[in-house]
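**Student:** Model the full structure from these sequences, guided by the hints.
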Amino acid sequence: MVGYRSGVETMSWTKRLPELQFLILCTLCCYAFLELFITPNQLSGFSGISGIDLILTSFLLSVLVAIVSVIAGVGGGVIFTPLMLAFTSIDTLIIRSTGLVVAMFSGLVATGPFMRKGLADIKLVFLGALPILIGGFGGSLAAIYLSQHLGETGDSLVRLMLGVLLMGIAVVFVLGGAATEYPKHSERSKLAIMLKLRHMYWEDSLQKPVKYKVHNVRTAIFLLFIVGFTGGFFGLGGGWAVVPVLNLVMSVPLKVSAATSGVLLAMGNSAAIWPYINVGALIGVVAAPWMLGQIIGGIMGAHILASIKAAFVRKVLIVMLFATSIKLTARGIEGLFGISIPII
Amino acid sequence: MPSTRKPPVPVSGIVYGEIIYWGTCLSALLVLFGTIKSFLETNSAVSVNYLLDAVLSGKSVETIWLSSKLQQVPNTSIYLATWTSGESLTVIGIAMGVLTVIPAIFLSAIYLWRSNNHIFAIVALISGLLTMVAPSGLISP
Numbered sequence: 001m002v003g004y005r006s007g008v009e010t011m012s013w014t015k016r017l018p019e020l021q022f023l024i025l026c027t028l029c030c031y032a033f034l035e036l037f038i039t040p041n042q043l044s045g046f047s048g049i050s051g052i053d054l055i056l057t058s059f060l061l062s063v064l065v066a067i068v069s070v071i072a073g074v075g076g077g078v079i080f081t082p083l084m085l086a087f088t089s090i091d092t093l094i095i096r097s098t099g100l101v102v103a104m105f106s107g108l109v110a111t112g113p114f115m116r117k118g119l120a121d122i123k124l125v126f127l128g129a130l131p132i133l134i135g136g137f138g139g140s141l142a143a144i145y146l147s148q149h150l151g152e153t154g155d156s157l158v159r160l161m162l163g164v165l166l167m168g169i170a171v172v173f174v175l176g177g178a179a180t181e182y183p184k185h186s187e188r189s190k191l192a193i194m195l196k197l198r199h200m201y202w203e204d205s206l207q208k209p210v211k212y213k214v215h216n217v218r219t220a221i222f223l224l225f226i227v228g229f230t231g232g233f234f235g236l237g238g239g240w241a242v243v244p245v246l247n248l249v250m251s252v253p254l255k256v257s258a259a260t261s262g263v264l265l266a267m268g269n270s271a272a273i274w275p276y277i278n279v280g281a282l283i284g285v286v287a288a289p290w291m292l293g294q295i296i297g298g299i300m301g302a303h304i305l306a307s308i309k310a311a312f313v314r315k316v317l318i319v320m321l322f323a324t325s326i327k328l329t330a331r332g333i334e335g336l337f338g339i340s341i342p343i344i
Numbered sequence: 001m002p003s004t005r006k007p008p009v010p011v012s013g014i015v016y017g018e019i020i021y022w023g024t025c026l027s028a029l030l031v032l033f034g035t036i037k038s039f040l041e042t043n044s045a046v047s048v049n050y051l052l053d054a055v056l057s058g059k060s061v062e063t064i065w066l067s068s069k070l071q072q073v074p075n076t077s078i079y080l081a082t083w084t085s086g087e088s089l090t091v092i093g094i095a096m097g098v099l100t101v102i103p104a105i106f107l108s109a110i111y112l113w114r115s116n117n118h119i120f121a122i123v124a125l126i127s128g129l130l131t132m133v134a135p136s137g138l139i140s141p
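Line by line, the protein sequences are chains A and B. For what it's worth, the working numbering labels the leading residue of the first sequence as 1, then goes sequentially. For what it's worth, the working numbering labels the leading residue of the second sequence as 1, then goes sequentially.
None of the hints are false.
Dumping the calculated EDC-like pairs for lysine to aspartate or glutamate here, alpha-carbon to alpha-carbon at most 16 Å:
#1 B/K6 with A/E203
#2 A/K213 with A/E181
#3 B/K6 with A/D204
#4 B/K69 with B/E41
#5 B/K37 with A/E35
#6 A/K213 with A/E187
#7 A/K208 with A/E181
#8 B/K59 with A/E152
Where chain A lies over chain B, by a calculated footprint (3+ residues, C-beta under 8 Å):
#9 12-19
#10 34-40
#11 47-61
#12 69-76
#13 80-90
#14 105-114
No lab work stands behind these hints, which were simulated from the structure alone. Glycine residues also receive a C-beta, built at the ideal position from the N, C-alpha and C atoms.
**Tutor:** Okay, structure coming up:
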């Protein structure tokens, strides 16, 4: 997680990418055009708020979520999905499909630069891709099955389970100082030797190449499957978990773990999102501003990263995760057992 | 003496990254166009304001679509059949961004195979096939 941060520090490439600046300009012009030239219709139940206002607000929130998630070193889905499930009454399938969009697009746009720099390890990407793809696809199918067969009870169950999972993630963040920049490991597994899982990347801070060898391949594959399943099921992505698996379990340097994690999740979630699209759960007009906000906010977050105290943002995120997990758990219990728990 | 030269970056990785990067940028432009078109449409089968109202009021996915002028839950083929509408264009844009992964995987697999990483090339092919099966809707709950 800390490593994701250091991995993204290398993203100063954005300054030199006119195509991304063009995209930012187009997005801002598009929203300015909508605000200035389209006659807005008021949304019922929201006095004074139009559909265009809502789209613009979603875009700005998405930019904020992306900036916070880049600085805190987590995927955007971990912030978006729990907050929306806890504090809105929007259908859980719509939230989870949009959550996957939020989780994957900053990773998709970062894939090119990470690969160009040789920070993401293509062998590790494909090794982790299968368990994450299968897990993620299975997770999203399970989510739709649960929603179709259990209805409101299924939604409450999802909220309760996510509340508990989020509490666990928050605890991992509190205890998350165990990550190491260049992990050392004495014994290599036979599978890692057979697959020739060793690589080298250029470390800018040291001005020299760093070699590493991969360990514990079987355990990591199992853990990546679990991460894929939970990511697809809850619409969380899995940025919070893939970096620790690569760094702590496989002994991959932190910077490579961070870059590989982004690339891996973008690929893994690409299968998980289709079951949601095929049941109409991806509402384009709702997901679009979140997608664009992730691309632009991800870039901005990488710039802000250098000049901000990331530790403060992480503390805010931990408090937010705890608070959201309490609210989710409460809503889950309320829905399942019909008990009223007075939490805002 | 330890080397201080930058190690070469695998071509398979660069090919994979570039396809996804440019595909994502193009898909973002399509999504922007779709969003503007959604708000400009006056006689669309799925009006933006109806969709936003229905989503915010907490209606289920099925209810939202069945109560719309479309009167059916859309899937990939319906989005393609109505590709000129703003909502469909937006979803197609997002899907295009997601689908860029497929050619990227297959082309990367070719370069992995050429560089004697046969196991990873095969794993990449299987991943690519799985990513192709997902949009087809062949496996559903």
